[in-house]
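Work out the full structure, taking the sequences as your base and the hints as a guide.
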Amino acid sequence: MSEQTQGAGGKGRPTPKRSEAQKRRGPVAPPPTSRREAAKQLRQKQAEGRKEVRAGSLRGDERALLKRDQGPVRRIVRDVVDGRRSLGWVLLPIALVVVVAGFFHNVQLQALTFAVWLASLAAVAIDMVFVALDIRRAVRAQFPDEPLRGHVAYGLMRTTVMRRWRVPRPQVRP
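Everything in the sequence shown is counted per numbering that gives the first Met the number 0, starting at 0 for the first residue and increasing by one.
These aren't lab readings, by the way, just hints derived from the structure by calculation. Do not rely on the hints blindly, as some may be mistaken.
[To be verified] Pairs of lysine-lysine, DSBU-like flavour, derived with a Cα cap of 35 Å:
1. K44 x K66
2. K22 x K50
3. K39 x K50
4. K10 x K22
5. K66 x K50
6. K39 x K66
7. K39 x K16
8. K22 x K39
9. K22 x K44
10. K44 x K16
This is the structure:
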C-alpha cells in the first residue's frame, strides 16, 4: 500500500464514490412532492412506530415500554398487582350498569344500582389499602433505598384495569 492510503489513522482503502455507496444502501424513497404528501408520510411513519411500541409493550420488552412502565421497581409492582385477584376492575362494569339504569324511569332500580355502586366503591377502597400495603412491602424488601412515591399509585391504577386489558401484559399468574 502506498503511504497516502495508509497515513496516520487511515482506513487502508480508498473512499468509495457516492454512486457506489448509494448502490450498497439500496433504493431510496422519493421525497414528498407536496406538504400533504409529506404529512401523509409522517403520519404513516408515526403509525408504524406506535405499532412497534405497542407490540413490544404487549410482549413486555423493556426497551419498548413507555417511560412510566420501565424499570425493575415497576416490574415488581406489576408482578405484585398481577399476582393477586383484586376488586378494582369491577368498578367499570358496575359504573356502566349504573349509567344504563339511569335511562330507565324506575326509581327503585336506580336506587338499587346506586347502592351497589357505593358498596363496590367501599369494597374497592378497602381492597386497595391491602394492595398498597403489599406493594410497599415488596418494594421495600427488594429496593430499600427506593422512594415509594409514584410506585404505589402506579400499582393502584393497574388494579382498576381488567386483567386482559393491562399493558404490559401480566407476566405472573394470579
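Comparing the hints with the structure gives:
1. K44 x K66: holds (21 Å)
2. K22 x K50: At roughly 30 Å apart (the allowed maximum being 35 Å), K50 and K22 satisfy the hint.
3. K39 x K50: holds (16 Å)
4. K10 x K22: holds (21 Å)
5. K66 x K50: holds (16 Å)
6. K39 x K66: Given pair K39, K66 holds - Cα atoms ~27 Å apart, limit 35 Å.
7. K39 x K16: Within the cut-off at roughly 33 Å; holds.
8. K22 x K39: holds (27 Å)
9. K22 x K44: holds (24 Å)
10. K44 x K16: holds (30 Å)
Hint compliance for this structure: no hint is broken.
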